[in-house]
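All chains should be built: construct the whole structure from the sequences, respecting the hints.
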Amino acid sequence: MSQQIQVSGLDAYYGRHKAIEDISMTIEPNTITAFIGPSGCGKSTFLRTLNRMHEVIPGARVEGKVLLDGEDLYGPGVEPVSVRRMIGMVFQRPNPFPTMSIYENVAAGLRLNGRRSKSEVDGIVETSLKGANLWNEVKDRLGKPGAGLSGGQQQRLCIARAIAVRPEVLLMDEPCSALDPISTLAIEDLMAELKSKFTIIIVTHNMQQAARVSDRTAFFNLAGQGQPGRVIEMDDTSRIFTNPSQKATEDYITGRFG
Amino acid sequence: MTTHTIRRVSAARRLKDRLVQTLVYLAFAVAVIPLISVLWLVIKNGLARFDLDFLTHSMRGIGARDVGGGAYHAILGTLEQVLLASLISVPIGLLTAIYLVEYGRGGRLSRAISFFVDVMTGIPSVVAGLFVLAFWVLALGMPFSGFAGALALSILMMPTVVRSTEEMLLLVPNDLREASYALGVPKWRTIVKVVLPTAFTGIVTGVMLAIARVAGETAPLMLTVFFTDSINSDPFSGPQMGLPLYVFDQARRPTDIAIDRAWTGALTLILIVMLLNLVARLIAWWRSPARGR
Numbered sequence: 001m002s003q004q005i006q007v008s009g010l011d012a013y014y015g016r017h018k019a020i021e022d023i024s025m026t027i028e029p030n031t032i033t034a035f036i037g038p039s040g041c042g043k044s045t046f047l048r049t050l051n052r053m054h055e056v057i058p059g060a061r062v063e064g065k066v067l068l069d070g071e072d073l074y075g076p077g078v079e080p081v082s083v084r085r086m087i088g089m090v091f092q093r094p095n096p097f098p099t100m101s102i103y104e105n106v107a108a109g110l111r112l113n114g115r116r117s118k119s120e121v122d123g124i125v126e127t128s129l130k131g132a133n134l135w136n137e138v139k140d141r142l143g144k145p146g147a148g149l150s151g152g153q154q155q156r157l158c159i160a161r162a163i164a165v166r167p168e169v170l171l172m173d174e175p176c177s178a179l180d181p182i183s184t185l186a187i188e189d190l191m192a193e194l195k196s197k198f199t200i201i202i203v204t205h206n207m208q209q210a211a212r213v214s215d216r217t218a219f220f221n222l223a224g225q226g227q228p229g230r231v232i233e234m235d236d237t238s239r240i241f242t243n244p245s246q247k248a249t250e251d252y253i254t255g256r257f258g
Numbered sequence: 001m002t003t004h005t006i007r008r009v010s011a012a013r014r015l016k017d018r019l020v021q022t023l024v025y026l027a028f029a030v031a032v033i034p035l036i037s038v039l040w041l042v043i044k045n046g047l048a049r050f051d052l053d054f055l056t057h058s059m060r061g062i063g064a065r066d067v068g069g070g071a072y073h074a075i076l077g078t079l080e081q082v083l084l085a086s087l088i089s090v091p092i093g094l095l096t097a098i099y100l101v102e103y104g105r106g107g108r109l110s111r112a113i114s115f116f117v118d119v120m121t122g123i124p125s126v127v128a129g130l131f132v133l134a135f136w137v138l139a140l141g142m143p144f145s146g147f148a149g150a151l152a153l154s155i156l157m158m159p160t161v162v163r164s165t166e167e168m169l170l171l172v173p174n175d176l177r178e179a180s181y182a183l184g185v186p187k188w189r190t191i192v193k194v195v196l197p198t199a200f201t202g203i204v205t206g207v208m209l210a211i212a213r214v215a216g217e218t219a220p221l222m223l224t225v226f227f228t229d230s231i232n233s234d235p236f237s238g239p240q241m242g243l244p245l246y247v248f249d250q251a252r253r254p255t256d257i258a259i260d261r262a263w264t265g266a267l268t269l270i271l272i273v274m275l276l277n278l279v280a281r282l283i284a285w286w287r288s289p290a291r292g293r
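Heads up: the protein sequence lines correspond to chains U and F, in order. For the first sequence, position 127 matches number 127 in full-length UniProt numbering, and the numbering has no gaps at all. For the second sequence, position 20 matches number 20 in full-length UniProt numbering, and the numbering has no gaps at all.
Don't read these hints as lab results, they were simulated from the structure. Since this is a predicted model, take the numbers as computed values, not measurements. Beta carbons: idealized from backbone N, C-alpha and C, even for Gly. Treat the hints with care, as some may be off.
DSSO-like, lysine-lysine: derived pairs with alpha carbons at most 30 Å apart [unchecked claim]:
hint : chain 1 : residue 1 : chain 2 : residue 2
1    : U       : K65       : U       : K247
2    : U       : K118      : U       : K130
3    : U       : K197      : U       : K139
4    : U       : K118      : F       : K187
5    : U       : K118      : U       : K195
6    : U       : K130      : F       : K193
7    : F       : K193      : U       : K139
8    : F       : K187      : U       : K18
9    : F       : K193      : U       : K118
10   : U       : K144      : F       : K187
11   : U       : K197      : U       : K144
12   : U       : K18       : U       : K247
13   : U       : K197      : F       : K187
14   : U       : K65       : F       : K187
15   : U       : K139      : U       : K195
16   : U       : K197      : U       : K118
17   : F       : K193      : U       : K144
To spell it out: a stretch of chain F is covered by chain U in this simulated footprint if at least three of its residues, at any positions, have a beta carbon under 8 Å from a beta carbon of chain U; those stretches are [as the list claims (entries may be wrong)]:
hint : stretch
18   : 178-189
19   : 195-204
Printed below as a string of structure tokens:
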């Protein structure tokens, strides 16, 4: 069952530069939350703090709390690797492993985390590819390289790879920005289906997309160049797009700045 | 009124074009002529004695004026020495490169290592031989052996392996590392299962270049493996031979038969290096991800 995420007073730094400041929010299980806002306002940075991917960058660090079902992901002794198994991630550019076949790509998370029986892996690969709506397109060529697929298929392969390790939460960092409208639609449909099993958080620059797929929307912005990004407003998506309480949000979604 | 008009290419421009083109072709020819003439000479002079006898016999009991004799002892020695040198330097070189790229990240230690690798690249091969002679043979009292030669060769191989592996690891996109981390894969497993396989082809090529470089080294062998005319298959005890040494030894003898043997020895050395390269290409092709497409 998916779990609730509670963030409180979160700051993230790149070296001395503070990228985001004082972010607090609650994300309910089995919902889709969209992060919108102008470039450089810290949406992706915040997303990466949620599965401890932020600290992979040299000099990057995080202050504050992220609770997954009450347990602090940044608490003492918490292993980042185990956090990332609970909270999967899909990146902006499709990045299948070039040395692996389609099958091996989906099985990567399972295989790389220890031995499992062949039949068990076979089953998980099939359900994951079905879950990512890719099974029918690739079932006859599972042994072919994942890099040989089209961009949209590659991105769905990456989603299959992420859900194969059965995470609780799925983070998506502009998953459709490199894709054509048809592939984008396929992935948006997929998100609506995945919602029943996972909690999904998506960063997007496409406001129609945020309006179409998400239940809740958070608007990020920064006060000025070099200032840290903050959450200006977070509310139900329908409310953000029809009747936002902040002037800045309204300006952004109606295209008056950003 | 317009300042831009469509003009024909002037004669001067065409002349300049021709001139530069000729220069480029000339430079290419100058670069290739020595290469081809060396190959041609070695093949022409080496084929005379390139027979089964040469490949299967040593120089044991072959007098100064005797025909026959071969380089079996030297081929065996070279293969063993190069293999041992690779066994020493490839793991160390690989691990050093992995440290530099994946863990060091431009810190003080990695900058220091980088500096010393650069210094090592510039070591003349005879110095590597002298070092092993002074340290291994004279100070520690170890005997002259194929292994001592392998030690000297591995000193020369290591920096090349580190540098080429480092370049290849840097070419692996960071996206792949992040994709792997995001699946909850620990860093060491990411390196072993994602980074190294992605860079595999380039690493193999780099290692082969390093092997090709040391396979022809003469000076360090002279100081460490000594000379012998007999077959010694044990690289850990007693003097051994190497092909470059064999060529050197035969070429300075005053008879034509010996000179012929030297040419054939050189041809054999070139063939061995080419064969190793071919094997590496095959491995790289067999492991390449594009194959299944």
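Going down the list of hints, with the structure as the test:
Taking the CA atoms of K65 (chain U) and K247 (chain U), the gap is about 29 Å. The hint holds against a cut of 30 Å. Between K118 (chain U) and K130 (chain U) the alpha-carbon distance is near 18 Å, which keeps this suggested pair within the 30 Å criterion. The suggested pairing of K197 (chain U) with K139 (chain U) holds, with an alpha-carbon distance near 23 Å, which does not exceed 30 Å. Under the criterion of a C-alpha separation no larger than 30 Å, the hint pairing K118 (chain U) with K187 (chain F) is consistent with the structure, at around 25 Å.
A distance of roughly 28 Å separates the Cα atoms of K118 (chain U) and K195 (chain U); the hinted pair therefore holds under the 30 Å criterion. About 25 Å separates the Cα atoms of K130 (chain U) and K193 (chain F), which keeps this hinted pair within 30 Å; it holds. Proximity of K193 (chain F) to K139 (chain U) is assessed by CA-CA distance (about 24 Å); at most 30 Å being required, the pair is judged to hold. Simply put, K187 (chain F) and K18 (chain U) have alpha-carbon atoms about 26 Å apart, close enough for the 30 Å limit, and the pair holds.
Our distance criterion of 30 Å between C-alpha atoms is met by K193 (chain F) and K118 (chain U), whose separation comes to about 18 Å. A distance of roughly 26 Å separates the Cα atoms of K144 (chain U) and K187 (chain F); the hinted pair therefore holds under the 30 Å criterion. Of the supplied pair hints, the one linking K197 (chain U) and K144 (chain U) holds, its CA atoms being roughly 29 Å apart against a limit of 30 Å. Simply put, K18 (chain U) and K247 (chain U) have alpha-carbon atoms about 25 Å apart, close enough for the 30 Å limit, and the pair holds.
For the suggested pair K197 (chain U) and K187 (chain F), the alpha carbons sit about 28 Å apart, so the restraint of at most 30 Å is met. A distance of roughly 24 Å separates the Cα atoms of K65 (chain U) and K187 (chain F); the hinted pair therefore holds under the 30 Å criterion. Distance restraint check for K139 (chain U) and K195 (chain U): the Cα-Cα separation of roughly 24 Å lies within the 30 Å cut-off, and the hinted pair is therefore satisfied. For the given pair, K197 (chain U) sits about 25 Å from K118 (chain U) by alpha-carbon distance, which is consistent with the 30 Å threshold.
Under the criterion of a C-alpha separation no larger than 30 Å, the hint pairing K193 (chain F) with K144 (chain U) is consistent with the structure, at around 18 Å. With 10 residues having a Cβ less than 8 Å from any Cβ of chain U, the stretch 178-189 of chain F passes the three-residue criterion, so the hint holds. Chain U is given as covering the stretch 195-204 of chain F, and this holds because 3 residues of the stretch bring a CB closer than 8 Å to a CB of that chain, at least three being needed.
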